[in-house]
Amino acid sequence: MNVAEITAGRLDLAQLGLRQVNSVMQTAPAGESFTITNSNGAHAIAAGLRSAIRVEVLGHAGYYCAGMNQEATVLVQGTVGVGVAENMMSGRVEVAGRAGQAAGATAHGGLLLVGGDAAARCGISLKGGDIVVRGSVGHASAFMAQSGRLVVLGDAGPGLGDSIYEARLYVRGSVSDLGADCVEKQMLEEHSYELRELLLRAGISGVGASEFRRYGSARTLYHWHPDNVGVV
Amino acid sequence: MCGIAGLFAKTVEIEQQLGRLIAEMMEQLADRGPDSAGLALYREPVSIGAKLSLLCSTDHVEWTELSRRMAADIGDAEVIVDHGQHAILRVATDADVARTWLSEHVVDIAVVGSGQSIELHKRVGRPEAMLADCGIRNLGATHGLGHTRMATESRVTTAGSHPFSTGEDLCLVHNGSLSNHNRLRRELQREGVSFATENDSEVAAGYLTWKLRDGATLDQALESALEDLDGFYTFAVGTRDGFAVLRDPIACKPAVMAETDGWVAIASEYRAIAQLPGASDAEVWEPEPARIYSWSHAAVPQ
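So the sequences go chain by chain: A and B.
FYI, the working numbering numbers position 41 of the first sequence as 41, with every residue one higher than the one before it.
FYI, the working numbering numbers position 193 of the second sequence as 425, with every residue one higher than the one before it.
Take every hint as true, because none was put in to throw you off.
Here are the in silico distance ranges between beta carbons for each label pair: (1) B:460 to A:33: 50 to 56 Å; (2) A:58 to B:326: 50 to 56 Å; (3) A:211 to B:482: 26 to 32 Å.
Calculated directly from the structure, the hints in this document are not laboratory data.
Cβ atoms here follow ideal geometry from the backbone N, Cα and C, with glycine treated the same way.
Please take these sequences and the hints and turn them into a complete structure.
Structure (structure tokens):
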């Protein structure tokens with residue numbers, strides 16, 4: 001291991017290996033910065049970070065990049081595979097390119113920003129985190145999403161918000177179709193305000209809140225209902 | 233799990249290195265499928281006759297002796313690759329004539345692929361040994377399709393290794409599992425399609441064979457597959473001129489594609505693509521569910 005390289009904040013994944021790279025970052029005090037080179041689509045890069053450090057990945061990442069993130073800011077200059085920022089608790093994860101399936105799945109907090117498209121199941125079971133996608137999202141996005149916000153500047157694929165609880169969805173483009181119990185809702189001033197605030201945090205300008213439509217739960221699946229007995 | 237690796241060359245430089253490049257892709261995917269490995273390379277097309285990829289289910293065959301016997305009966309036959317249990321023969325006659333001759337004169341030898349260009353290699357175990365023993369790294373090819381298998385639906389055998397042939401110069405690799413393969417196999421058997429294994433992916437291959445035999449184009453056959461195949465799949469289909477990719481509508485099984493001026497690649501994970509030349513600047517995306525993607529040398533301006 002090259003101590004000088006690590007001190008300078010440059011982590012060569014090919015040289016150090018994933019375990020060591022992640023271990024250095026997981027134990028780093030707040031305020032430090034790291035740059036990861038030779039990412040080569042490796043899985044679990046920058047997973048489990050726990051302090052307000054800044055990480056830049058100079059390339060593409062594989063599955064579960066920045067998973068379980070707390071407080072850290074992670075920037076990926078390429079694309080990511082399945083499950084980026086899965087179960088994020090806080091902090092900020094930015095992907096310059098496209099994201100694979102289940103981006104931001106089950107995130108409890110923090111902000112995930114995807115520069116390109118996110119594939120299917122974006123924000124599945126979202127639990128309080130915020131996701132902003134500049135491109136489009138695939139099918140079954142925000143499935144069973146409980147709280148938090150999903151903002152999509154492009155289009156949404158089939159089954160948006162199926163069986164959704166209290167997460168709020170804002171889509172600027174078209175929606176292929178809405179999932180069970182997901183409906184379009186009125187955009188009130190409070191929604192417009194939170195959307196503007198989210199776009200600002202995401203660093204997106206030139207896009208107005210009035211360009212979006214809001215979707216959420218019709219709340220008809222919340223309680224047991226005799227009419228549903230026998231329905232498969 | 234299973235791993236899929238497909239590489240399509242757009243330039244002569246990539247064609248010359250294709251064996252080495254796809255071997256490196258497969259090695260990255262070995263952990264996704266350590267049970268068996270297989271690779272179809274499309275290379276050096278013959279203008280007359282066909283190439284036959286043969287697999288023997290018993291220990292060892294004197295392939296040269298076999299080719300002499302074939303030559304005496306049906307015209308020129310030559311062993312171009314001899315790897316013990318599997319071999320590739322070039323015959324001067326139609327593949328069907330050679331196939332019929334084999335079915336009448338030998339036992340335990342299966343034709344696992346045939347056509348003008350396709351050369352099929354398959355082996356039980358991780359891909360490294362097969363790639364080294366078969367000298368894959370030294371081979372050039374226009375395109376290739378590899379598979380690393382983690383067996384779920386049937387036994388680990390060489391015959392159960394992907395790719396599966398679906399017709400002349402056609403083959404299929406599959407990541408996923410089909411749930412209606414038993415019923416579909418029986419229906420296809422009634423239509424005259426034969427199967428060598430209990431493998432679900434072979435049923436998908438048989439299904440495409442049947443559709444193509446009935447005159448469907450590859451795109452039409454894949455469209456029908458969306459209706460008739462129940463289960464999870466990312467398919468890659470090798471054709472004489474290129475390959476096609478299809479994921480089931482739910483898209484549980486992974487796939488990533490990438491393209492540069494030099495090549496197009498499909499893989500189960502990006503790390504298999506990462507070491508290709510120019511990969512860091514490639515266009516990278518996840519193929520959409522239920523959408524057919526295809527590349528063909530016929531359509532690419534050289």
